[in-house]
Every structure is written in C-alpha cells, then in structure tokens.
Amino acid sequence: EAQVTQNPRYLITVTGKKLTVTCSQNMNHEYMSWYRQDPGLGLRQIYYSMNVEVTDKGDVPEGYKVSRKEKRNFPLILESPSPNQTSLYFCASSLYPDLYEQYFGPGTRLTVT
Amino acid sequence: DAKTTQPTSMDCAEGRAANLPCNHSTISGNEYVYWYRQIHSQGPQYIIHGLKNNETNEMASLIITEDRKSSTLILPHATLRDTAVYYCIVRPPYNFNKFYFGSGTKLNVKP
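Just so you know, the protein sequences line up as chains A and B, in that order. Take the first sequence: its letter number 72 is residue 72 in this note's numbering, and every next letter is one higher. Take the second sequence: its letter number 87 is residue 87 in this note's numbering, and every next letter is one higher.
For the record, the hints were derived by calculation from the structure and aren't laboratory data. Keep in mind that the hints are not guaranteed to be accurate.
[Claimed, not checked] Just a sample of chain A residues kept apart from chain B, beta carbon distances all over 12 Å, derived:
1) 12
2) 73
3) 80
[What the hints assert, rightly or not] Here are the computed lysine-lysine pairs in the DSS-like style, where the Cα-Cα straight-line distance is at most 30 Å:
4) A:57 x A:69
5) B:52 x B:3
6) B:52 x A:65
7) A:17 x A:65
8) B:3 x A:57
9) B:3 x B:69
C-beta: ideal position from N, C-alpha, C; glycine also.
Please model the complete structure; the sequences and the hints are all you need to start from.
Below is the structure:
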C-alpha cells in the first residue's frame, strides 16, 4: 500500500531535549516536505526536499533541521525543542514537486513542556 | 501566490450536493486552483485541481468562473464521511515552497 508513515504519532517531551520525528514514504517520490499545523494559523511549511541531499527552507524553518540521505526518508530534527514548537506535524511527499499529488502522513502530535 | 477567501463553515444534508465556494480575485494567469480536505486532524487529502476548465473526478467537480476570480467545489452526494475542513489553494505550477492552505471551510454533513 502506498503510504507516508511518521513516528512517533504522539510525543511529550521537555524543553531542550533533542528529538527526531521520522518520515518515510514507499512510493519512490522525489519531493518531500514537513508542515506544522496550529489553531488559527493553518498549515505552514517548515522544510522541503527536492531529492537526496537537496533541502530548502519553507515558511517557518527556525528551530528545525532536516536531512535527506535516502530518497524514502526525511527526518525532522528539533535540536533544542521549546514550548512554541508544540504543534501537529505532517510529512508529505509527491512524485513531482507540485501540490496536487502530495500524499500526507498521519501526523505527529508534539507537546513540549 | 494569490490568496483565497472561503466561508468559515457550511452545513449540508446527507445525500445532497455540497457546493463550497472560494474567492481568488487576485489569481494570476498561470496559477492553478487546488482543493484539499482534512478530516479531523488527519493528513490533508488531495481532491482536485484545475487551471481554467471545469474538472471532474471520482470525488468531486471543480467549477471555475470564466474570469477565474472564483471557483466552486461540488461534492455531488455528500455523506457523513465528507465532514471535514476543505481548503482552496491557489499557486503557480512548480512552486516548491510558499504553500498557503489558509483556514478553509468546515463542512458539516448532517443526517
């Protein structure tokens, strides 16, 4: 089954404790991206990747890092999480870098205390 | 990217057509209109997209006005499972960032 998976689905952590949210897709998609969703602010793009070793900033990249060492994986790294990074995070992928065929993962709900 | 305006919420009776409007009066000539939906905090799901012609697929129809300043997403026979937030997005092709989902329309399908 074609899908985008994220782990963990839920995470509660403390300020400053480094964490990684994994994202994996099994569709051989070249384009992957990360979004965060907050009440009243909608979905905002954090980072995106055009292909292996090619990444770029979205609208809200501060406090996040990403890497793309393999085509299927695109982890999101929070080196020193802060409470304002409490959010619902979505990973997405598409064959082409265009919006209409983006497949979204199930989401990761992160709480930073 | 052109910004969009959508009603905050709409109700629809189960089995009836749901017509969701979107205003995009500042749309440019090469910008597409896309529709996504999000069911209760799940990942958004692509529905349909178009440039200037009306489009139809197994999920919905997209009607774009001749001046392209507005569009309507039509769900022909709404079911309870269609209750979701529907996002209208306008952007040029191959724009790799600056995706603007906006706040969308909450469609409530009622029995």
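Against the structure, the hints:
1. Against the 12 Å criterion, residue 12 of chain A stays outside the reach of chain B, whose nearest CB is about 17 Å from its own CB.
2. Remark: the non-interface label on residue 73 of chain A is consistent with the geometry, its nearest Cβ contact in chain B lying 17 Å away (cut-off 12 Å).
3. For residue 80 of chain A, the condition that its CB be more than 12 Å from all CB atoms of chain B holds, with the nearest at approximately 24 Å.
4. Taken as a hint, the residue 57 of chain A and residue 69 of chain A pair is honoured in the structure, with Cα atoms around 17 Å apart against an allowance of 30 Å.
5. A C-alpha spacing of about 17 Å is found between residue 52 of chain B and residue 3 of chain B, which places the hinted pair at or below 30 Å, so the restraint holds.
6. The straight-line distance between the Cα atoms of residue 52 of chain B and residue 65 of chain A is roughly 38 Å, outside the 30 Å bound, and the hint therefore fails.
7. Only pairs whose Cα atoms come within 30 Å are accepted, and residue 17 of chain A paired with residue 65 of chain A is accepted, the gap being roughly 14 Å.
8. In summary, the hint linking residue 3 of chain B to residue 57 of chain A is supported, as the alpha carbons are separated by about 21 Å, within the 30 Å threshold.
9. Taking the CA atoms of residue 3 of chain B and residue 69 of chain B, the gap is about 11 Å. The hint holds against a cut of 30 Å.
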